[in-house]
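Chains as they are written, first to last, in the UniProt record's numbering: chain A, 1 to 242; chain B, 1 to 343.
I should point out that these hints are in silico values taken from the structure, not numbers from a laboratory. Being a predicted model, the structure only gives us computed values, none of them experimental. Glycine included, each C-beta is placed from N, C-alpha and C at the ideal position. Be careful, since some hints might not be right.
[Stated by the list, open to error] Going by beta-carbon spacing under 8 angstroms, a handful of chain A positions derived as facing chain B:
#1 24
#2 25
#3 37
#4 43
#5 45
#6 67
#7 103
#8 109
#9 110
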Amino acid sequence: MEVDREDGRSQNQLRPLACSRNILHRAHGSASWSQGDTKVLAAVYGPKAGTKKNENPEKACIEVIWKPKTGQIGKPEKEYEMILKRTLESICILTVNPNTTTSIIVQVVNDDGALLPSAINAACMALVDAGIPMKHLAVAICCCVAKSGYVILDPTKLEEQKMKAFAYLVFPNSVRSVLPEGSLRVEGEPIENGIITSVTHGIMSVADYFYCLERGRAASVKLSDFLRRNLQQQSTDSSRAG
Amino acid sequence: MDARLANTWRLTLNEKNFIKTALLSEIRIDGRKPFEFRNISINFGREDGSAEVQLGQTRVMGIVTAKFVQPYRDRPNEGTLTIYPEFSPMADPSFEAGRSGESAFELGQIIDRGLRESRAVDTESLCIVAGKLVWAIRIDILILDNGGNLVDAANIAALAALMTFRTPECSLGGEDGQEVIIHPPEMRDPLPLILHHLPIAITFGFFIDENVVVIDPIHNEEAVMAGRMIATVNANGDICAIQKAGEGVSQRVIMQCLQLAITKAADITKQIKAAVEAYNSERALQKIKRETTCVGNSVKGDQNQTLDNKGISELVGKYMERLKLISVESYASKILMLRKSNH
Numbered sequence: 001m002e003v004d005r006e007d008g009r010s011q012n013q014l015r016p017l018a019c020s021r022n023i024l025h026r027a028h029g030s031a032s033w034s035q036g037d038t039k040v041l042a043a044v045y046g047p048k049a050g051t052k053k054n055e056n057p058e059k060a061c062i063e064v065i066w067k068p069k070t071g072q073i074g075k076p077e078k079e080y081e082m083i084l085k086r087t088l089e090s091i092c093i094l095t096v097n098p099n100t101t102t103s104i105i106v107q108v109v110n111d112d113g114a115l116l117p118s119a120i121n122a123a124c125m126a127l128v129d130a131g132i133p134m135k136h137l138a139v140a141i142c143c144c145v146a147k148s149g150y151v152i153l154d155p156t157k158l159e160e161q162k163m164k165a166f167a168y169l170v171f172p173n174s175v176r177s178v179l180p181e182g183s184l185r186v187e188g189e190p191i192e193n194g195i196i197t198s199v200t201h202g203i204m205s206v207a208d209y210f211y212c213l214e215r216g217r218a219a220s221v222k223l224s225d226f227l228r229r230n231l232q233q234q235s236t237d238s239s240r241a242g
Numbered sequence: 001m002d003a004r005l006a007n008t009w010r011l012t013l014n015e016k017n018f019i020k021t022a023l024l025s026e027i028r029i030d031g032r033k034p035f036e037f038r039n040i041s042i043n044f045g046r047e048d049g050s051a052e053v054q055l056g057q058t059r060v061m062g063i064v065t066a067k068f069v070q071p072y073r074d075r076p077n078e079g080t081l082t083i084y085p086e087f088s089p090m091a092d093p094s095f096e097a098g099r100s101g102e103s104a105f106e107l108g109q110i111i112d113r114g115l116r117e118s119r120a121v122d123t124e125s126l127c128i129v130a131g132k133l134v135w136a137i138r139i140d141i142l143i144l145d146n147g148g149n150l151v152d153a154a155n156i157a158a159l160a161a162l163m164t165f166r167t168p169e170c171s172l173g174g175e176d177g178q179e180v181i182i183h184p185p186e187m188r189d190p191l192p193l194i195l196h197h198l199p200i201a202i203t204f205g206f207f208i209d210e211n212v213v214v215i216d217p218i219h220n221e222e223a224v225m226a227g228r229m230i231a232t233v234n235a236n237g238d239i240c241a242i243q244k245a246g247e248g249v250s251q252r253v254i255m256q257c258l259q260l261a262i263t264k265a266a267d268i269t270k271q272i273k274a275a276v277e278a279y280n281s282e283r284a285l286q287k288i289k290r291e292t293t294c295v296g297n298s299v300k301g302d303q304n305q306t307l308d309n310k311g312i313s314e315l316v317g318k319y320m321e322r323l324k325l326i327s328v329e330s331y332a333s334k335i336l337m338l339r340k341s342n343h
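Produce the entire structure from the sequences given, and follow the hints as far as they go.
Here's what the structure looks like:
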């Protein structure tokens, strides 16, 4: 079914992606991620000594601070912080630096739909830039279900408001490995089929949700390729000392 | 996160002595001369009223928004202007999330004095209905990277954002002439703010030796300097505000600094104006492109901004259709809200 989207994209087409790392000088790691007009800046400081009060001191702790573009920090921001924290805790190797805190600060520069996925992608790239040890990358995508039943990827703000339901999905990145095929499977399934985080808003049927997952997984492969190229390109640039 | 001793950034004694000794021979650690400003680059965001300024390693973003409020009782004809500085923890490891420290407050005050008290922004033009409805302009200043001299960079960001900000045009109408109609940007061009002059803040750093003065200190120099003066001047030679703290400095040095500040302010004013010009012309081009795709093939001939004569109702019709869900709803709800508040 051909769907007419405002900016002329097809159902499964993502907006142009742009990512740059090491843009801030004081932060240990920083990245800026933009999907179309949505732009997010992430900075990482860490690991710093000590963990917060209620955290387990035998593991590293992750602290997320979400800064909206304007206005006070309210409940939506706290929710984003919590989701980001849980996502990043599952991808970072927390046993390497026990009793330390890594702070991730996310600043919204412009919000034009798919804000949380962009923030997750930006935070992940900033962690890579800071050199925090991770198991794999997190690739985030937003899928929407319209009232008439079709599913689109990476909506703009206008599209998000018109949709019946939408889901933010985070997958591990696609694996390219020299190891034999069978060794990287978890319980018989390849790693990239796993879901790290899933947040839904609105009502959708189970079939719709599974369809979103399928579309999201396919898109995450494209996103993983983009990330891989981006990281490889910048690492071959002239090394920066200190 | 508590500011722990292990996590605060401290300059070592060796580095401090190095900076001080080098300055005695007029050498700065980043290779500049004592009275040389760093390179300024100004970029604008997607929406009107958002600017990002990079001053060497310092990075500051200024965002301007506006909403309707009731004016103050003693100034019923004037709009309001408030500055919200935010020292984001991403800028410096010692900045804490939540309450910003006193340096954030000081920065806000200095910029406020320069913009509001010197009457740089024309607040009377922000009045819509005297005594009842005025525009309240809010400037959010986000510090993204602290490479030293935050005040100057924040000031430039605030000015650049103000110069590119647009308020929707409002007119009085309705049956009793008391209703305020807000025209969506597709029907009538939003209006820029009126700025009488551009107050530029210039920071000077003083060191123990009286003859050592630097302009635009970086964060290493800021940790070493004994005194600081921030002079807000404009290109016409007017002094809008001066803030001085720290070691006592002789009168002669202060006068020299003020003279220098006025010359530097002229340069910076030129730069800001050039950047804003470039942005405005690009925006105008984009606007023309946007409207021609919407109309199709009918707009021919001289495609300049005076599309008013060329069937604006046709343009509006197509546009309103597309953005019906958003702009008409919010437009209608705004009228409702104003009707209620006018009773």
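Under 8 angstroms is the threshold here; is the Cβ of residue 25 of chain A close enough to any Cβ of chain B for the hint to stand? holds, 4 angstroms
Interface hint for residue 103 of chain A, Cβ within 8 angstroms of any Cβ on chain B: Status holds, d = 7 angstroms.
Restraint outcome when residue 110 of chain A is required to lie within 8 angstroms of chain B by C-beta distance: Residue 110 of chain A check passes; min Cβ-Cβ to chain B is 5 angstroms, inside 8 angstroms.
Let's test the interface hint: is any C-beta of chain B closer than 8 angstroms to that of residue 43 of chain A? holds, 4 angstroms
Given residue 67 of chain A as an interface hint, is its Cβ closer than 8 angstroms to any Cβ of chain B? Residue 67 of chain A check passes; min Cβ-Cβ to chain B is 6 angstroms, inside 8 angstroms.
Let me know if the C-beta of residue 24 of chain A comes in closer than 8 angstroms to any C-beta of chain B, holds or violated. holds, 5 angstroms
Please verify that hint: residue 37 of chain A, Cβ, nearest Cβ of chain B, below 8 angstroms or not. The hint holds - residue 37 of chain A has a Cβ within 8 angstroms of chain B, the shortest such distance being about 5 angstroms.
Quick check on residue 45 of chain A please, does its C-beta sit within 8 angstroms of some C-beta on chain B? Holds, about 5 angstroms.
Double-check residue 109 of chain A for me: the hint is only fine if its C-beta lies closer than 8 angstroms to a C-beta in chain B. holds, 7 angstroms
Checked against the numbered hints above, the structure violates none of them.
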